[in-house]
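In order, the protein sequences belong to chains A and B.
Read left to right, the first sequence gives residues 89 to 191 (my numbering).
Read left to right, the second sequence gives residues 657 to 842 (my numbering).
Check before you lean on any hint, since a few could be wrong.
[What the hints assert, rightly or not] EDC-like, lysine to aspartate or glutamate: derived pairs with alpha carbons at most 20 Å apart:
#	chain 1	residue 1	chain 2	residue 2
1	A	K170	B	D670
2	A	K148	A	E184
3	A	K157	B	E685
By construction, these hints were calculated from the structure, which means they are not laboratory data.
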Amino acid sequence: MPAESNELIHQPLRLKIMAALNGLSTRESLEFIRLKSVVGATDGNLGAHLATLEQAGYVKIEKDFVGKKPRTRVAMTAAGRKALAQHVAYLREILEGVTASAN
Amino acid sequence: MPISTQEAADALQDIARTQHRASILRGYERGAPHLILWGLIWVLGYGTSDLAPALANPAWLVLDLLGMTGSFLIGRAAAAGRSSASAGYGARFAGLGFTALAFVAATYYILQPHDSAQFGAFPALLIALIYTVIGIWRGSRWAIAGIVVGVCTVAGYAFFREHFMLWMAVVGGGTLILTGLWLRRA
């Protein structure tokens with residue numbers, strides 16, 4: 089997998105969102121309220137960054153009702169997993185490059 | 657814009673921290689219904705042991721079977737979304753239940769408890785131990801639940817021996833239910 093920098097994912101809160109979702113299996117999703125607790129964001133801030141990630145095709149947002157309560161669930165797409173893996177590989181290359189040049 | 661070495665290191669640390677936190681919170685979410693279920697079973701089981709001792713054995717048998725069935729269904733539903741966890745789930749759960757029963761039976765056989773408070777205290781202490789050990793690895797809330805259950809069990813045994821079963825129904829069962837709700841809100 090080629091290592092690539094990804095400016096969209098590198099934003100700190102979006103990076104946390106992607107990291108939290110990446111731990112789920114391909115069939116799992118995370119409720120908005122739980123994701124908010126994991127990444128430590130406000131409703132508005134999290135909603136705005138999720139919209140950006142959804143536009144990029146990295147996450148899928150599903151809204152439904154449990155009884156009368158609205159529920160929002162977020163899952164990572166295959167494209168999101170690939171993009172995160174490439175960005176992580178890029179970050180590791182930066183560090184490894186420094187280590188190699190120091191040796 | 658190129659990313660500096662420090663930024664790369666910070667970003668990788670952020671990813672690791674977030675994944676760890678997400679994993680802990682997922683564990684709380686999955687564990688919460690089990691604690692609430694077993695809290696209710698303790699309330700009913702220990703309550704029956706205090707209020708109607710003659711019915712204690714059949715009551716515990718039925719309640720334990722209900723608890724095991726409930727835990728199995730809750731666990732299976734949670735594992736359904738994860739192919740790695742759902743494969744062989746039934747066999748693993750049966751293994752867990754059999755191991756716990758065998759351990760308690762073997763301990764009773766060797767240590768020979770001679771009053772009902774001792775019979776009642778041991779499983780509670782075992783649960784306290786399990787939760788505390790889980791907490792050392794998988795999140796402090798589990799450890800707090802284990803320590804509270806353990807301390808309450810010993811305190812009830814030492815100071816409220818005459819109504820130890822009632823104490824365990826209210827304090828032990830109540831602790832499990834409240835901890836379950838606390839985990840669910842994490």
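Q) Is the straight-line distance between the alpha-carbon of K157(A) and that of E685(B) 20 Å or less? A) The given pair, whose Cα atoms are some 19 Å apart, holds under the 20 Å limit.
**Q.** Pair hint K148(A) and E184(A), alpha-carbon separation not exceeding 20 Å
**A.** Violated - the C-alpha atoms of E184(A) and K148(A) are around 33 Å apart, more than 20 Å.
(Q) Would the hint linking K170(A) and D670(B) be met if the CA-CA limit is 20 Å? (A) 19 Å, holds
This entry does not satisfy hint 2, going by the numbered hints stated previously; all others are met.
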